[in-house]
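J.: Please construct the entire structure, taking both the sequences and the accompanying hints into account.
The listed protein sequences derive, respectively, from chains A and B. Just so you know, the first sequence maps onto residues 220 to 510 in this note's numbering. Just so you know, the second sequence maps onto residues 286 to 454 in this note's numbering.
Don't read these hints as lab results, they were simulated from the structure. These numbers were taken from a predicted model, which means no experiment stands behind them. Do not rely on the hints blindly, as some may be mistaken.
[Stated by the list, open to error] No farther apart than 25 Å at their CA atoms in a straight line, the calculated lysine-lysine pairs in the DSS-like style are these:
| # | chain 1 | residue 1 | chain 2 | residue 2 |
| --- | --- | --- | --- | --- |
| 1 | B | 331 | B | 345 |
| 2 | A | 256 | B | 410 |
| 3 | A | 287 | B | 438 |
| 4 | B | 438 | A | 330 |
| 5 | A | 287 | A | 334 |
| 6 | A | 467 | A | 495 |
| 7 | B | 410 | A | 495 |
| 8 | A | 334 | A | 256 |
[Unchecked claim] Computed from the model, here is a short list of chain B residues facing chain A with C-beta under 8 Å:
| # | residue |
| --- | --- |
| 9 | 353 |
| 10 | 362 |
| 11 | 379 |
| 12 | 383 |
| 13 | 398 |
| 14 | 407 |
| 15 | 408 |
| 16 | 432 |
| 17 | 439 |
| 18 | 444 |
| 19 | 451 |
[What the hints assert, rightly or not] Here chain A is said to cover these stretches of chain B; the calculated rule only asks that three of the stretch's residues, wherever they fall, bring their Cβ under 8 Å from a Cβ of chain A:
| # | region |
| --- | --- |
| 20 | 321-331 |
| 21 | 363-377 |
| 22 | 384-396 |
| 23 | 409-417 |
| 24 | 423-431 |
Note that the Cβ used here is the ideal one computed from N, Cα and C, for glycine as well.
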Amino acid sequence: MDMLLYRGCTAPVRLPAYEAATIAVLEKLGVNLIEFKDTNCCGAQYVESLSRNAFAAMSGRILALAEKEGLDILAICGACSGSLKINKYHLDNDPTLRDEVNSLLADEGLKYTGKVRVRHLLQVLHEDIGIDAVERAVVRPYDGIRMAAHYGCHVTRPYEIVQVDDPENPTILDRLVEAVGGVAVDYAGKTRCCGGPMLAMDEGIASAIGRQKIQNIAEARADGLVTACVFCDIQLTQVQFGEGAIDKRIPVITIPQFLGPALGIDEDVLGLELNKITPSDIMASLQEGRQ
Amino acid sequence: MTNEIHTPSSEFAREVASVPGGEAINKCIQCGICTASCMVARASEKYRPRKIIQKILIGKRDEVLRSDQPWFCMTCRMCEENCQEGVSPAEIFHAVRFIAAREGHIPNVFRNTLDTVLTDGWLLKDAYSDFIEDERDDLGLEVDLRFNDGFVKRVRERYFSPDMREAEV
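T.: Here it is, written out as structure tokens:
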């Protein structure tokens, strides 16, 4: 299966290991990611807050470019997948908005008709590949490492539009953790925000929100935290540094970086040494196992 | 829709309801489950989503539009998930932001970031250093990110005035 990888603005600069690990893990599981050239920002938060038409145009161009290639889009960032899906929903349901966006896209010979799907990484792992297939591909299972899952608000809400997982009781990440030999750890406030979107307006509040989440995860005695959004990953890492941070840091790791070693992918390919809180204790739980 | 209105409805509430995203405002019964489920409200006394909606319902137009409060929503949609009346404060605050933005009430961080995106085509051109290029190269990733910066110029021209207010289409 071929898909276009929409990497967004933040992952390629702030978390390139997430991008590399996604490509390597999906390749291992039979999904070939194709370089998506000539894109632009999806418009999340900033364009989104100031003009509905401009927001639809920003995401609409990305959707129209994918239509030209005839391929579905994979988004690895919660904000990007959310924006592309919300705008797809509006463009599919509001002919006036669609005509408006298409009038702008026509200058480049592009047209939005609604043919391609936007898939978040969790949907590809869960629906297109399947958790059973992930489990079958394991060559080095973890030995019961305790992992807490953070899904990302824009990955799972609003359900009517994004349709990834139950927004009140999401399980995809937890099931992936268990598929590779980990133990999924429940904790208070699992579906709550990481605080990342608040960084623009008030860093103090953003940190307080993120630290509360880390505190809850620490109380559940998790060895690590798996994420499915670049912003959440960065935010939940960042709040563990600086004044007022907790004493014992909890490693934060993106889901493909966690799956990769169990699937036999080399740690260098997954960029594990770039993680700001070393996941070495997590990796130490890998067992030499079934080949 | 009208028989579902339980609350005072001001001229401003009707204005918000006429903007995409704001339609459900008059369904709010002021129960406060939004504030109770809000992570921002939990972390700070500065922000109370129920109160902002109340101010809209009773018509405090200037106070709401000049305030930073509608810009504090993280759009995490936890409140929307919990609201029993089908109201989405995240959508309502987007509608309020559109109205505020047209009148020039835009927090600087939003104005400046929008300017960056509509210049470079993406958010982090300035942060993309040689050091990160090397990291990408080591990971076997494409170093030339090839973002398009032409389309955003047309988006800016069509939808925004020079001070980033939304222009009439």
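J.: A separate judgement is required for each hint: does it hold in the structure or not?
T.: Status of each hint after checking the structure:
1. For the hint linking residue 331 of chain B to residue 345 of chain B, the alpha-carbon distance of about 18 Å falls within 25 Å, and the restraint holds.
2. For the proposed pair residue 256 of chain A and residue 410 of chain B, the alpha carbon gap of about 16 Å is at most 25 Å, so the pair holds.
3. Taken as a hint, the residue 287 of chain A and residue 438 of chain B pair is honoured in the structure, with Cα atoms around 22 Å apart against an allowance of 25 Å.
4. Of the pairs offered as hints, the one joining residue 438 of chain B and residue 330 of chain A holds, with about 18 Å between alpha carbons and a cut-off of 25 Å not exceeded.
5. A distance of roughly 10 Å separates the Cα atoms of residue 287 of chain A and residue 334 of chain A; the hinted pair therefore holds under the 25 Å criterion.
6. With a C-alpha separation of about 14 Å, the suggested pair residue 467 of chain A and residue 495 of chain A falls inside the 25 Å cut-off, and the hint holds.
7. Taking the CA atoms of residue 410 of chain B and residue 495 of chain A, the gap is about 22 Å. The hint holds against a cut of 25 Å.
8. Taken as a hint, the residue 334 of chain A and residue 256 of chain A pair is honoured in the structure, with Cα atoms around 19 Å apart against an allowance of 25 Å.
9. At its closest, the beta carbon of residue 353 of chain B sits 7 Å from a beta carbon of chain A; the interface hint therefore holds under the 8 Å criterion.
10. Because the smallest distance between the Cβ of residue 362 of chain B and any Cβ of chain A comes to about 4 Å, under 8 Å, the interface hint for this residue holds.
11. The beta carbon of residue 379 of chain B is positioned within 8 Å of a beta carbon in chain A (closest approach about 6 Å), and the interface hint is therefore held.
12. For the restraint placing residue 383 of chain B at the interface with chain A, the shortest Cβ-Cβ distance is roughly 7 Å, inside the 8 Å limit, so the hint holds.
13. Satisfaction of the interface hint for residue 398 of chain B is found here, the shortest Cβ-Cβ separation to chain A being roughly 5 Å, below the 8 Å cut-off.
14. At a threshold of 8 Å, the smallest CB-CB gap from residue 407 of chain B to chain A is about 4 Å, leaving the interface hint in force.
15. Below 8 Å, beta-carbon pairs count as interface contacts, and residue 408 of chain B has one with chain A at about 4 Å; its hint therefore holds.
16. Checking residue 432 of chain B against chain A by beta carbon gives a least distance of about 6 Å; that is within 8 Å, so the hint holds.
17. Taking 8 Å as the C-beta contact cut-off toward chain A, the hint placing residue 439 of chain B at the interface holds, the least distance being around 6 Å.
18. Against a cut-off of 8 Å between C-beta atoms, the interface hint on residue 444 of chain B holds, since the closest Cβ of chain A lies about 4 Å away.
19. Taking 8 Å as the C-beta cut-off, the interface hint given for residue 451 of chain B holds, the closest approach to chain A being about 4 Å.
20. Check result for the region 321-331 of chain B against chain A: holds, 6 residues qualifying (beta carbon to beta carbon below 8 Å, three or more required).
21. Counting residues of the region 363-377 of chain B whose beta carbon lies closer than 8 Å to any beta carbon of chain A gives 4, which reaches the threshold of three, so the coverage claim holds.
22. Judged by the Cβ-Cβ criterion of 8 Å, the region 384-396 of chain B is covered by chain A as claimed, because 5 of its residues qualify and three suffice.
23. Residue count for the region 409-417 of chain B with a Cβ under 8 Å from a Cβ of chain A: 4. That meets the three needed, and the coverage hint holds.
24. Evaluation of the coverage hint for the region 423-431 of chain B: fulfilled, as 6 residues show C-beta separations to chain A shorter than 8 Å, against a requirement of three.
In summary, the structure agrees with every hint in the numbered list given earlier.
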